[in-house]
Amino acid sequence: MNNSTLTSFAAATPPVQATLITTDAAGLQAGEIQIPAGDRDIPAYWAAPEGNGPHPVILVVQEIFGVHEHIKDVVRRFAKLGYLAIAPDLYVRQGDVSGLESIDEIRKIVFTVPDQQVMADLDASLDWAQQHGGDVSRAGVTGFCWGGRITWLYAAHQPKLKAGVAWYGKLVGDSTSLMPQHPVQLASRLKAPVLGLYGGQDQGIPLETVEQMRAALAQAGDSSSLHVYPDAPHAFYADYRPSYRKEAAEDGWRRMLDWFRQHGV
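With the numbering used here applied, the sequence shown corresponds to residues 19 to 283, in that order.
Where hints are given, some of them may not hold.
Said to hold, decoys possible - Within a straight-line C-alpha distance of at most 27 Å, the following computed BS3-like cross-link-like pairs (lysine-lysine) qualify:
(1) K209 to K178
(2) K98 to K264
(3) K126 to K188
Hint data in this document are derived by calculation from the structure and do not stem from the laboratory.
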């Protein structure tokens with residue numbers, strides 16, 4: 019198995035040490051696993067408190083840069099709070115982005131990943147959790163950047179979910195055979211409420227699209243919610259990148275945990 023996407027930071031985003039948060043694995047079960055997922059096993063990183071559980075489950079959906087050290091650290095952060103958390107490698111069939119040094123090279127791989135494949139792999143991850151001490155009656159999903167969009171999609175796909183939290187995920191876009199629908203088109207089909215956390219200075223997700231999503235949710239009568247940090251850029255939670263904004267990141271983390279607890283995760 020090629021585990022390079024699971025063992026370091028992405029080459030395209032070397033870490034900024036001054037803000038980097040590191041969470042140890044003391045008191046946890048943690049490591050790389052293989053998840054049976056239809057046509058093949060897929061690599062993933064997981065962590066949970068020591069002991070048999072059952073533990074509530076959080077699926078952590080990667081940034082565009084893959085399952086690298088920051089995403090693994092987020093998994094451990096959840097485990098320290100009592101969750102069984104899993105971050106599956108959702109690009110593994112299409113390629114390894116960890117060694118790529120430009121966002122354009124990464125996009126060439128990411129844009130070939132079918133939404134349908136991602137939904138199936140997340141379903142397989144939920145099944146794995148159920149078989150390894152996870153309580154899937156208390157399951158949530160969260161994702162960042164590319165994974166933020168996927169969070170919305172998975173909340174419209176998986177009826178077992180209790181809640182989702184999408185960090186600066188794209189909301190609108192052109193329909194393609196691989197990405198037939200976007201979150202704004204799924205507002206009336208969400209099976210679990212989603213909290214969306216967005217930056218007012220995000221150059222890739224215009225505020226008008228956030229307001230478009232807010233209107234679609236209101237029209238659908240959905241209980242999901244959107245929160246915008248006016249001064250925050252894209253990737254404001256990514257403590258290993260210059261985009262990190264400590265105040266917004268910490269507030270977003272608190273809001274996320276409150277959202278999950280409020281909805282039984």
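Verification of the supplied hints:
With a CA separation close to 8 Å, the supplied pair K209 and K178 stays within the 27 Å bound. This hinted pair checks out: K98 and K264 have alpha carbons roughly 20 Å apart, not beyond 27 Å. This hinted pair checks out: K126 and K188 have alpha carbons roughly 17 Å apart, not beyond 27 Å.
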